[in-house]
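Engineer: Please dock the two separately framed chains into a single complex, following the hints provided.
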Amino acid sequence: AQKVTQAQTEISVVEKEDVTLDCVYETRDTTYYLFWYKQPPSGELVFLIRRNSFDEQNEISGRYSWNFQKSTSSFNFTITASQVVDSAVYFCALSERETSGSRLTFGEGTQLTVNP
Amino acid sequence: DSGVTQTPKHLITATGQRVTLRCSPRSGDLSVYWYQQSLDQGLQFLIHYYNGEERAKGNILERFSAQQFPDLHSELNLSSLELGDSALYFCASRRDLAGGRSEQFFGPGTRLTVL
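Protein sequence lines correspond, in order, to chains Y and V. Note that my numbering has the first sequence beginning at 1, numbered continuously upward. Note that my numbering has the second sequence beginning at 1001, numbered continuously upward.
Since the hints were made in silico from the structure, they are not lab data.
Have a look at the derived ranges for each label pair, beta carbon to beta carbon: (1) R50(Y) to T1113(V): 29 to 37 Å; (2) Q1067(V) to P116(Y): 44 to 52 Å; (3) I49(Y) to Q1067(V): 30 to 38 Å; (4) T1020(V) to N67(Y): 36 to 44 Å; (5) L1039(V) to I49(Y): 23 to 31 Å; (6) T5(Y) to S1102(V): 17 to 25 Å; (7) D1001(V) to T31(Y): 28 to 36 Å; (8) V46(Y) to G1052(V): 27 to 35 Å; (9) S74(Y) to S1102(V): 17 to 25 Å.
Positions of the beta carbon are idealized from the N, C-alpha and C atoms, including for glycine.
Bound-form chain V, shown alone (with noise of 0.2 Å):
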């Protein structure tokens, strides 16, 4: 157990529509990444988060967004879905250590299925 928290864990919805995923992450982590893993695209950083506040963005499409709240969890949200979207979204959390060393830890993954 990672202790990164994710849910749903299955999630199937239609297209069009739209739909929030949430992330826990590890007590004490101020850091949160979320990835998504297509079969097309293999694993792809989407966005990170810092202590509530947007950090950096990746291959993320505009109809995607994120946010993280004060309490540190964060939610994807997916809006007008296409079939394309279908795919395994994972959160990941990290942990600065002494030495510039950090831990990224995943949490186990929403499965997207659009139908």
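So that you can see chain Y by itself, here it is in the shape it has in the complex (with noise of 0.2 Å):
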């Protein structure tokens, strides 16, 4: 079964440090999908990235970089220079395709307060 894990419950930061939240995930796909979103303190779910379980390039948009490492069933997430804006519920997110037909499993979510 699919499993998805973020140990931090809640962060907190002062602005323009860098954080990274973590996510660990557990499948027995051998193609299976990443995500992670954004949920600010509106409620809405916000899309931020999708990775392939066959691409393990790292990426970077902006502030944002996501460390992805199958080795280790691992796709970290780091915002450096943190602004209060980043302030949000972050979830981590796997999709297996194969055996799930691409519903999500989320992890628990990581409570990041930036403080100014």
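Structural biologist: Here it is as structure tokens:
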């Protein structure tokens, strides 16, 4: 069965600090997809990134970067030079297309608070 | 704006009542997923429809049901409501891309409060 673990329940940093959100996953599929979503206080789920299991190249988008390591089943998310607007709950999710029809299994979420 | 619409945005009702949540997927998307986000259970998959047919069920209670109509909008029906059903209900639509990839975008959610 698929499972996503975000061990960090809450993280608090001061503005301009770098912060890394951890995500560890379990799956039996050889092809799967990993996601990160942001949920600001307003409640909507904002798509940040999707990675395929066969593409381990790390990705950078502005202040955001993602480190995908199949060997450790991890897909960590780093925010560089954090800002107050980054305060939100961040969810890591897994989709196993073959066995579960692309449903998303979410981690418990990490509440990130960036203080001025 | 994800292109997925959900109505109503907020819903307040009493225990024992029945409500219907509505979702319209992005234009051209055939798949609709429903998720529930509650304080104690986190974000959980409820049910998946593809082009009008139920494809998969997750942790969906028997008191809950859903359907997808020919115009592809979907409705989630919650009956005999209990306090514990208070949650944020999300709908997501999926678009299949080349190479076996897909995109899944979420609507803004319906916040249900059962008093």
